[in-house]
Amino acid sequence: MFKAVVTITFKKSILDPQGSAVHKALKSLGYQEVEDVRMGKHVEILLRGEKRQEAETQVKEMCSRLLANPIIEDYQVELAEVEV
Amino acid sequence: MKFGIVVFPGSHGQTDCHYVFEQILQEPVTYLWHAEEDLQGVDCVIIPGGYAYGNYLRAGAIARFAPLMEQVIAFGKKGGLILGICNGFQILTEAGLLPGALIRNPSLRFQCQNTYLRVEQTETPFTNLCEQKEVVKMPIAHEEGGFVTDKETLERLEKEGRVILRYCNEQGEVTPESNPNGSLHNIAGIVNEQGNILGMMPHPERCVEAILGGEDGKKIFNSLVAWWQGGAGR
Amino acid sequence: MKEGFWREMGLSDDEYELIKEILQREPNEVELGMFGVMWSEHCSYKNSKNVLKQFPTTGPQVLQGPGENAGVVDIGDGQAVAFKLESHNHPSAIEPYQGAATGVGGIVRDIFTMGARPIASLNSLRFGSLKSKKTRYLFKGVVAGIAGYGNCMGIPTVAGEVYFHPSYEENCLVNAMCVGFMKHEDLAKGLATGPGNPVFLAGARTGRDGIHGATFASEEISEATEERRPTVQAGDPFMEKLLLEACLEVLKTGYVLGMQDLGAAGLTSSSCEMASRAGTGIEMDVAKVPCREEGMTPYEILLSESQERMLFVVQKGKEEEVRAIFEKWDLEVTIVGQVTADGLMTIKEGAEIVAQIPAQALTELCPRYDRETQEPEYLAQAQGYDLGALPEMEDYGKVLLTLLGTPTIASKEWVFNQFDYQGGTNTVVPPGSDAAVLRVKGYNKGIALTVDGNSRYVYLDPYRGGQIAVAEAARNLVCAGAQPLALTDCLNFGNPEKPEIFWQFKEAVAGMSEACRQLETPVVGGNVSFYNETKGEAIYPTPVVGMVGLVEDLAQVTTLGFKQEEDLIILLGQNKDELGASTYLSVIHGLEAGKSPEIDLELEKQVQQATLELIKMGLALSAHDCSEGGLAVALAECCLAGKMGAEIALTENIRPSSILFGESQSRIIISIHKSKIDTVLQHLKKLQVPSKVLGSVGGEVLSIAGSGWKVKVELAEMEEKYWRAIPCLMKG
Chain B
15 MFKAVVTITF
25 KKSILDPQGS
35 AVHKALKSLG
45 YQEVEDVRMG
55 KHVEILLRGE
65 KRQEAETQVK
75 EMCSRLLANP
85 IIEDYQVELA
95 EVEV
Chain R
3 MKFGIVVFPG
13 SHGQTDCHYV
23 FEQILQEPVT
33 YLWHAEEDLQ
43 GVDCVIIPGG
53 YAYGNYLRAG
63 AIARFAPLME
73 QVIAFGKKGG
83 LILGICNGFQ
93 ILTEAGLLPG
103 ALIRNPSLRF
113 QCQNTYLRVE
123 QTETPFTNLC
133 EQKEVVKMPI
143 AHEEGGFVTD
153 KETLERLEKE
163 GRVILRYCNE
173 QGEVTPESNP
183 NGSLHNIAGI
193 VNEQGNILGM
203 MPHPERCVEA
213 ILGGEDGKKI
223 FNSLVAWWQG
233 GAGR
Chain V
16 MKEGFWREMG
26 LSDDEYELIK
36 EILQREPNEV
46 ELGMFGVMWS
56 EHCSYKNSKN
66 VLKQFPTTGP
76 QVLQGPGENA
86 GVVDIGDGQA
96 VAFKLESHNH
106 PSAIEPYQGA
116 ATGVGGIVRD
126 IFTMGARPIA
136 SLNSLRFGSL
146 KSKKTRYLFK
156 GVVAGIAGYG
166 NCMGIPTVAG
176 EVYFHPSYEE
186 NCLVNAMCVG
196 FMKHEDLAKG
206 LATGPGNPVF
216 LAGARTGRDG
226 IHGATFASEE
236 ISEATEERRP
246 TVQAGDPFME
256 KLLLEACLEV
266 LKTGYVLGMQ
276 DLGAAGLTSS
286 SCEMASRAGT
296 GIEMDVAKVP
306 CREEGMTPYE
316 ILLSESQERM
326 LFVVQKGKEE
336 EVRAIFEKWD
346 LEVTIVGQVT
356 ADGLMTIKEG
366 AEIVAQIPAQ
376 ALTELCPRYD
386 RETQEPEYLA
396 QAQGYDLGAL
406 PEMEDYGKVL
416 LTLLGTPTIA
426 SKEWVFNQFD
436 YQGGTNTVVP
446 PGSDAAVLRV
456 KGYNKGIALT
466 VDGNSRYVYL
476 DPYRGGQIAV
486 AEAARNLVCA
496 GAQPLALTDC
506 LNFGNPEKPE
516 IFWQFKEAVA
526 GMSEACRQLE
536 TPVVGGNVSF
546 YNETKGEAIY
556 PTPVVGMVGL
566 VEDLAQVTTL
576 GFKQEEDLII
586 LLGQNKDELG
596 ASTYLSVIHG
606 LEAGKSPEID
616 LELEKQVQQA
626 TLELIKMGLA
636 LSAHDCSEGG
646 LAVALAECCL
656 AGKMGAEIAL
666 TENIRPSSIL
676 FGESQSRIII
686 SIHKSKIDTV
696 LQHLKKLQVP
706 SKVLGSVGGE
716 VLSIAGSGWK
726 VKVELAEMEE
736 KYWRAIPCLM
746 KG
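Residue numbers (this note's numbering), protein chains in the order written: chain B, 15 to 98; chain R, 3 to 236; chain V, 16 to 747.
Derived from the structure by calculation, the hints contain no laboratory data. Incorrect hints may have been included.
Stated by the list, open to error - Here are the simulated lysine-lysine pairs, DSS-like style, with alpha carbons at most 27 Å apart:
# : chain 1 : residue 1 : chain 2 : residue 2
1 : B       : K41       : V       : K146
2 : R       : K139      : V       : K689
3 : R       : K4        : V       : K456
4 : R       : K4        : B       : K25
5 : V       : K456      : R       : K139
6 : B       : K38       : V       : K155
Unchecked claim - Reference excerpt, derived from the structure (chain R facing chain B, CB under 7 Å, subset only):
#  : residue
7  : G56
8  : P108
9  : R111
10 : V137
11 : L156
12 : R158
Positions of the beta carbon are idealized from the N, C-alpha and C atoms, including for glycine.
Bound conformation, chain B alone (with noise of 0.2 Å):
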């Protein structure tokens, strides 16, 4: 069994209407430091199977096909192996 954690973020070139308003608040708030805020998605996902390999296309395919639009947002996946 694998446990697959996908981040979806805008692209950078898309404007980011959440993020600027966090980081807006933030700075508010007094963190001054703060540089960049970008909003985004974290699904997790369980998926039966073995292979590794198999289960990083399956996963990849999913968010190319569904849970991300790469018209306006990048993804990354992270795969770990969990017990059943």
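Dock chains R and V against the given chain B, drawing on the hints supplied.
Okay, now just chains R and V, sitting in the frame of chain B:
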């Protein structure tokens, strides 16, 4: 001219559209259930507003995989007329029938308000009854209506005259103040390369009667019928 | 039973003894939990029921009065509207977005449970001062929550009101109203009829969320309750949309005999209320309830307040037909039990009985209390304040602008632009007017909707305040061109165990009842929310009235804005020297004092009837009632909505502060075409309604002249204050 309105489980603009075709335009109209695979021989597909699958993940992301959408995509690629309104526009971009994407409004709020739109192209199935640069008034109601795309695509859209509607002020000037949702180039509606698919965030079906505050939406629907009668339907 | 365990369930020692007497034995833990929630104030109305009996609840227009999920009134042509107002104050104070969202979800379910399709939502909100960060957080979250849920459902939110006052700083109020449309024959009820018929549960799975929400709503907010944030449920409007469509479709088949949504006290209340109303029992197996989490106990399953669930009884033999409809909508549906003839709620887990209680013991046998009452000490002093000694201000133009920029009076566009108020394409009059108007497609008629309640009037005189709440709601409808039909109420008060609070409650209800009788607008449903207190401080007593009216002819739809230059402005009713309880006193002098304005219900009725007649005759081109901010603010609002100025001359010998900003009741401002003046005045004379010509519409300035004084304010200045106030504060 037979219209077909796509209904996803969480759509809610379908009854408003149905009313327009049946009562105002008096044209034949039918609902197309998302789980079916038959377009029932319609001449134009309407994808109405709403929250197709709750708009979870991204607006329109899940809807594009509905069984009916395969037929809609094929229909569009063959040159069939498709109009996507609001959530319908979002679905069309997710389905790859239109370029770009619609992201959250910079206000981070849902916005329901009237907007003025400048008609940029009139040689289209959707706007042929409008005057060039005509200013029309139509309401928007969305939280994710900011049109974005990469620079090259944007340039192409402009060069090819595929931006059909642009947010403007009452005088028809395209200004930052008249842009309600941060859309690039104040874009409110675009067509595909062949020009048979229009996606727009404003709601023409909500302004077809004076009693509801305006009739400009009728111009879109009447244009479709005129286009059909003028040749496309023969 | 552990000593005192019942107290943790919110039950008193006496109540525990009564339970033992009813059962003829000690209850087990599950049973005690069921009694705890069902006998909470929120479910049982044990403190309020005797007082609420005063409300008139009948009339030829009433198809369903209180006691069901919502009231229903006739609107002619075999059509009806179902409507109800309900509070979700406590959850919203803890988690504003989800609290408000699930408040909308709950009231929407109440409406479609009756067989009506929801066509509009309204809301009445109360917050502390917008200058406080906490208020801005709550305000923003509540509005977004209402928008998030309602917009996703496709139900337009068409009207509402928001007041800001320090008494709500720690305890905001979120009252949501939903209105549904149906044909008479569609009326469904929450009855578990026909022993042997299966009981279905449909919709979301049951989780551990919201356990004891009803008991939570029946106590004061404290730091301890803040920590209970997890008990606030999260809403899933998409699931609710599916449930709505499936339920309306299944009701059409005629196979469903009774339906009830799962709200406060979850499965326990919906099942025992359905059985109790029908005089039957229900046997249920909690092991059959689909759960979201593992290892849930019977107690948790029975008390869970997970949202978007529905319980209903189906004609035996039609199970498969019903199941198919829910499956079409991708919803889980399960038979969890059956109706029995023994009048008992028998709860099993597999073969084992885990609770057995007579259904009516949970509902009808709950004790009722006549709480002690005592006039509060603050009252005599506040009422007796010598307002005559207050100095007159130098610049009343400035005062007017200040009032227009006060969040309670200023435009609520920031709020309602977040609501999808046009969906359904029926909204003829959108938010921002005295009342919203929705047309009925295919007919030349419409319904008018409003929600109203000024708590300062109630605080300073609960009886009058109660009268005014009803009168003003009716007046709002009349100004839109509608005949008021009936109302729903939401009574928000502090801790009823305090004699002063209960006195406020009793007086307010008495005043409301009197006004309901006089104005022939019966109460067809409602909700009581007590314990709106934080650290011993109660909110201002806040009865809110949601009212529905009928517009017979859409040509009669009227709005507040002045329509054209040179029209004449007429006041129906009388200006009096009454500054008590006014917004002016509160905002300008920081005073919450004086007597609430007088109200003569006979005059009120006359003014309303006359206005409606003038509208029907096509003579009144605009109509607006005088409320917060008095005559001057009302005139300014007519100018702002019409984008034109007005020139007004006042002849009464009343000091400027009072005549401009006093909130005397039963006053409506109309405008008419100048050529019709004789007809209008003659008609008003015939009706014996006091009236006078105030001036005329025109220009870009609102000027009001009295004897020896004059106020002049530019339209542009008023616009700046009125439209910008709330957006500016929310940016800060």
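**OP:** Take a quick look at whether K38/B and K155/V sit within 27 Å of each other, Cα to Cα.
**Re:** Holds: K38/B and K155/V sit about 17 Å apart, inside 27 Å.
**OP:** For the hint on R158/R, just tell me whether its beta-carbon gets within less than 7 Å of chain B.
**Re:** violated (14 Å)
Subject >> Given hint P108/R near chain B, where the shortest CB pair must fall under 7 Å >> reply: Holds, about 5 Å.
Subject >> K139/R paired with K689/V [C-alpha distance capped at 27 Å] >> reply: Violated. K139/R to K689/V sits at ~32 Å, over the 27 Å cutoff.
**OP:** Take the C-alpha atoms of K4/R and K25/B, compute the straight-line distance between them, and say whether it is at most 27 Å.
**Re:** At roughly 41 Å apart (the allowed maximum being 27 Å), K25/B and K4/R break the hint.
Original post:
How about R111/R: closest beta carbon in chain B under 7 Å, or not?
Top reply: violated (10 Å)
Subject >> Hint check: 7 Å Cβ-Cβ cutoff, V137/R to chain B >> reply: Hint violated; V137/R Cβ to chain B Cβ min 27 Å, cut 7 Å.
Subject >> Given pair status - K456/V, K4/R, alpha carbons within 27 Å >> reply: holds (23 Å)
**OP:** Measure nothing beyond the straight line between the CA atoms of K456/V and K139/R; if it is 27 Å or shorter, mark the hint as holding.
**Re:** Holds, at about 23 Å.
Original post:
Would the hint on L156/R stand, with a C-beta cut-off of 7 Å toward chain B?
Top reply: violated (11 Å)
**OP:** Using Cβ atoms only, decide whether G56/R comes closer than 7 Å to chain B, and label the hint accordingly.
**Re:** Check failed: Cβ of G56/R comes no nearer than 15 Å to chain B, outside 7 Å.
**OP:** Given the hint that K41/B pairs with K146/V, test it: the Cα-Cα distance must not exceed 27 Å.
**Re:** Given that 27 Å is the threshold and the Cα spacing comes to 20 Å, the pair holds.
Checked against the numbered hints above, the structure violates hints 2, 4, 7, 9, 10, 11, 12; every other hint is satisfied.
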